[in-house]
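Peer 1: Model the full structure from these sequences, guided by the hints.
Taken in sequence, the protein lines are chains W and U.
The first sequence maps to residues 30 to 289 in the working numbering.
The second sequence maps to residues 25 to 396 in the working numbering.
Don't read these hints as lab results, they were simulated from the structure.
All residues carry an ideal CB built from backbone N, CA and C; glycine is no exception.
Mixed in with the good hints, there may be bad ones.
Only pairs whose alpha carbons sit at most 20 Å apart, straight line, appear in this in silico SDA-like list of lysine to any residue [as the list claims (entries may be wrong)]:
1) U:Lys140 with W:Glu36
2) U:Lys166 with W:Ala282
3) U:Lys140 with W:Asp42
4) U:Lys166 with W:Glu36
5) U:Lys140 with W:Arg41
6) U:Lys166 with W:Arg126
7) U:Lys166 with W:Met123
8) U:Lys166 with W:Ile54
9) U:Lys140 with W:Arg45
10) U:Lys140 with W:Trp38
11) U:Lys140 with W:Leu37
12) U:Lys166 with W:Asp42
13) U:Lys140 with W:Ala34
14) U:Lys140 with W:Leu39
15) U:Lys166 with W:Ser120
16) U:Lys166 with U:Pro122
17) U:Lys166 with W:Arg53
Listing some non-contacts, in silico: residues in chain W with all C-beta distances to chain U over 12 Å [unchecked claim]:
18) Val43
19) Phe130
20) Ala148
21) Arg276
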Amino acid sequence: MRAAATELWLARDVVRAFAVRAFRIRYRQALLGALWAVLQPLALLVPFTLVMRRSTGRIDGVPYAASTLAALLAWQYLSSAVTTGAGSLVSESMLVRKTWFPREAPVVAAVLASFVELAIGLLVMAVAGPFLGARLGAGLLYLPVVIVALAVIALALSLPLAAANAVFRDVRHALPFLVLLWLFATPVMYPVDRVTPRWRWIYAVANPAVGPVDAMRRVLATGHAPRFGPLGASLTSALLIGWVGHRLFRRIAPNLPDVI
Amino acid sequence: MWALRFEHVTKQYRTGAGYRSLRQEMTDRTDRPASRPALHNVSFEVEEGEAFAVIGPNGAGKSTALRIAARVTGPTSGCVRVRGRVGALIEVGAGIHPELTGRENIWLYGAILGLKRRDIAARFDAIVDFAELGDVLDRPVKRYSSGMQLRLGFSIAAGVEPDVLVVDEALAVGDARFQVRCLDRMGALVRSGTTVVYVSHDLASVGASCTRAALLVDGGLATVGPVTETLAAYIGWLEQQGSQGTGAVVFDADGQPQTSVASGAEMVIRVPLRSAHLGAVTIALGIRDGHPWNVLGSVTTVPAGSALDHIDCRIDAVPLTAGLYQIWVSLDGDDRDGRWRQLGSFRVTEPHPQPRPLWIPAVAFVHEWRTR
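Peer 2: Next up, the structure:
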């Protein structure tokens, strides 16, 4: 892990080049360009609100739509980072086959490039949030912590998925479906307190998206500090997944050009 | 001091290349038969600042050795050590991303090769100049011709001033003028202390541009040493394989197929025409000494309506010094496209060969040096 981190740091220009490119290519030849980053969470927000608002009521004391938009931003980042991260090695296969660079570089770059979408999403929240009933508060200061947690979780899941995808393209077919299931399993359209407190930490460990999505709601929509219990549980789980996943990644990495 | 060092390198590719689906992987648990390793226990050293060649027949593991040297793929066992930064040109378009523009590619590949942004900026113009891309620099590389891609790839790999430059036979794709500039550039790099590792099965060009060479046969290291010795070993190996017969293009005065002739002796070059043709065909014959131009040449025309299997060119006294030569032919007219193709190669021997430095043409002529 240390060796990989050193290698990556030395190759930070490569990571930067990959990240810039990942973002450029994503919206190249797309009519609406980066506007897609705004449209996706908004498009999900409408049906969620129509269907769930009545039965759910206010979340943490703020209207359903405000809280859910915050959760959707975190979700949008995770799903986009993990999807592009998982596909990153394969989409760089031209370079993987013929040059050497730290093989983590495209994965890290994909996770970083998705921050641009998150940033656009945060702008949307800043504009639309007050109308929907979001409250500002000192909890907003925790936003960087939540963002770092999101990135850690995205990277932890992307590394093993990217390596697996390079060897078995099954991952590519399974991923959209798994991401959809993951959305239902994550407290995005419903609040985390639908799960009884006794099971909540197991929930947050089993699904590392639980902690940061809930934290995002608190920080952006209510202005309170995040609930550190679920956030810590999710982060711990993500670090464990990341550690195992990176070992797997490193086993496959040297022979990537032969199998990709 | 070595710049590149192979230590007992073995590389075994998985059998049934290409990727497998999860289902195949789970259902097919039988032990797959182990294929012959692409490289088997290969050890050699390349000295700092030398021009080193890796030669051998097809499938001998040359490209695998190069890919391992460039860290693209890892050895199955053993170890490869490199001092410094490796610039690699493996196949056309290596390190070039088709979706990016030429400009973006220079930045990306420069970063991959470990250059800081300001180092790339400092070399940027020189790279662009050498590649002669000019106004297409901001177009995606997928719209480039293969020649342009090659120029870009070589310019970046050589332009970032690596400590070790690894070049595959990709160069053969470029036009003659660019090949000359590449060889020139490689020569300049070697003079300025860069180590160049060159893979080719074009023996004449290896003989002309390298000082030491390794011969790989069937994944094993057969010989490593001065280029003349390694080339001799390879030619010996080729002759042993009996690669005579249908492909023979060089014959001696008695009509016997030969792979080498003595300087000043008679020789015959046979150019196959194969099909019966209706139109007139212009045949241009060229002999090259490893550089991409002809040192000897002649043109003849076969009139329309003649159905010939081949045409012979008889040379009374071979006017060449000791070395390796290629035979190139261009057929034009009728349905032929007039492109130069390599027909074969042969060796010229002399009883007392003089070492010939690079850039001195190989034509033998009667002359003497005088001080007054």
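Peer 1: Against this structure, judge whether each hint is valid.
Peer 2: Okay, the hints, checked on the actual structure:
1. U:Lys140 with W:Glu36: Holds: Lys140 of chain U and Glu36 of chain W sit about 15 Å apart, inside 20 Å.
2. U:Lys166 with W:Ala282: Between Lys166 of chain U and Ala282 of chain W the Cα gap is close to 27 Å, so the pair fails against 20 Å, i.e. violated.
3. U:Lys140 with W:Asp42: With Cα atoms ~7 Å apart, Lys140 of chain U and Asp42 of chain W stay inside 20 Å; holds.
4. U:Lys166 with W:Glu36: Violated: Lys166 of chain U and Glu36 of chain W sit about 30 Å apart, past 20 Å.
5. U:Lys140 with W:Arg41: Holds. Lys140 of chain U to Arg41 of chain W sits at ~10 Å (cutoff 20 Å).
6. U:Lys166 with W:Arg126: Within the cut-off at roughly 17 Å; holds.
7. U:Lys166 with W:Met123: holds (12 Å)
8. U:Lys166 with W:Ile54: holds (14 Å)
9. U:Lys140 with W:Arg45: OK: Lys140 of chain U and Arg45 of chain W at ~12 Å, within 20 Å.
10. U:Lys140 with W:Trp38: Holds. Lys140 of chain U to Trp38 of chain W sits at ~12 Å (cutoff 20 Å).
11. U:Lys140 with W:Leu37: Measuring from Cα to Cα gives roughly 14 Å; hence the hint holds.
12. U:Lys166 with W:Asp42: Between Lys166 of chain U and Asp42 of chain W the Cα gap is close to 24 Å, so the pair fails against 20 Å, i.e. violated.
13. U:Lys140 with W:Ala34: It holds: about 18 Å lies between the C-alpha atoms, which stays within 20 Å.
14. U:Lys140 with W:Leu39: Given that 20 Å is the threshold and the Cα spacing comes to 10 Å, the pair holds.
15. U:Lys166 with W:Ser120: With Cα atoms ~15 Å apart, Lys166 of chain U and Ser120 of chain W stay inside 20 Å; holds.
16. U:Lys166 with U:Pro122: Holds: Lys166 of chain U and Pro122 of chain U sit about 4 Å apart, inside 20 Å.
17. U:Lys166 with W:Arg53: With a Cα-Cα distance of about 16 Å, the restraint between Lys166 of chain U and Arg53 of chain W holds, given a limit of 20 Å.
18. Val43: Non-interface label fails for Val43 of chain W: nearest chain U Cβ at 5 Å, not farther than 12 Å.
19. Phe130: Since the minimum Cβ distance to chain U is about 5 Å, Phe130 of chain W lies within 12 Å and the statement is violated.
20. Ala148: Holds, since 23 Å exceeds 12 Å.
21. Arg276: holds (16 Å)
The structure is inconsistent with the numbered hints 2, 4, 12, 18 and 19, although it conforms to all the rest.
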